[in-house]
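Based on the provided sequences and hints, a complete structural model is requested.
Chains A and B, in that order, are what the protein sequence lines are.
Quick note: the first sequence uses numbering that gives the first Met the number 0, first residue 0, plus one each step.
Quick note: the second sequence uses numbering that gives the first Met the number 0, first residue 0, plus one each step.
Don't take each hint at face value.
Calculated lysine-lysine pairs in the DSS-like style (CA-CA distance at most 27 Å, straight line) [what the hints assert, rightly or not]:
1. A:161 <-> A:148
2. A:34 <-> B:97
3. B:97 <-> A:148
Partial chain B-side listing against chain A, Cβ under 10 Å, derived [claimed, not checked]:
4. 42
5. 43
6. 46
7. 56
8. 57
9. 60
10. 61
11. 64
12. 83
13. 85
14. 86
15. 87
16. 90
The hints are simulated quantities; they were obtained by calculation from the structure and are not laboratory data.
Backbone N, C-alpha and C fix where the C-beta goes; we use that ideal spot for every residue, glycine too.
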Amino acid sequence: MRYLIPVVVLAALVVLFAFGLQHDPREVPSPLIGKPAPAFNLKLLDDGTSYSNADLKGRPVLVNFFASWCEGCQVEHPVLLKLAREFNVEIIGMDYKDKPEDVTNWLARHGSPYRKVVMDEEGTAGLDWGVYGVPETFVLDAAGTIVYKQIGPMTEQAWREKIAPLMAGAKP
Amino acid sequence: MRVLLMLLALLPMLASATNAADISGLNAEQEARYRTLTNQLRCLVCQNQNIADSDAPLAADLRNQVKRQLLAGESNQQITDYLTERYGDFVLYKPPFKAITLLLWFGPVLLVLLALGMAYAFARRSRSTAKTVAVDEDKLRKLLEENK
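This is how it looks when you write it as structure tokens:
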């Protein structure tokens, strides 16, 4: 019985560490999950017309905060292209703290997975959406409610396991 | 050597100079609140720094936001509420007191109580084992005489 105590303590620590090590401390859970998408009214990259949070309603969409200066965005870019082309996912790009000419060049070089690119030059929408480091991707349902947030680059695994089931409407 | 030391002593001034420009336009009372708030808010990019010390662009944005809201006459509570709505309780260095943070607040107390309990049990056990040693006075006397 006495010798069982250290074994139990060790087992408890192993469970604690196994749990702790699977969590990335850089991923801060968003308090916006389950809430409506924060309001914004910004200009589109291509024609300068305004685009607001109201335009995100009616169908499930991905809202992807990215920038031409962001390295993680290049990492996730092929995945976003694949989602747009193969799965017909509607991705709205929020160009965070970036210049129109820079992002235009960047999209010309890498290809655009975005149905629309919204210019958030001052990062005000980013602040309201609780973005703390691009890339970050929000999953919105048809009602415009945030149902999931992917922090860091989008991956095929995250798409398959977490996001695709939430976006049942988006199928080829 | 002395010159080098003096230059080294000047280094912290450089560090504080980077964030000094932020407070222009605030009155003395707002400036004090600005210092308190920016020292209590965590920079989410470099997580072990507050936004007053961090050079990350996000920290600068958050400092500006705090300043803007101070100028707009918002209370400290309104400003921290604004940030927790967006970034969650993690932006606060001092976690709020709620059901989910109970373990965080009382964990250390529980650990101390557990340690005290174990120490007490250990002390009692060693005392009780000490009691069971019966001393045979005759044997003891004999032993002492043999070793004289």
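For this structure, which hints from the list above don't hold up? none
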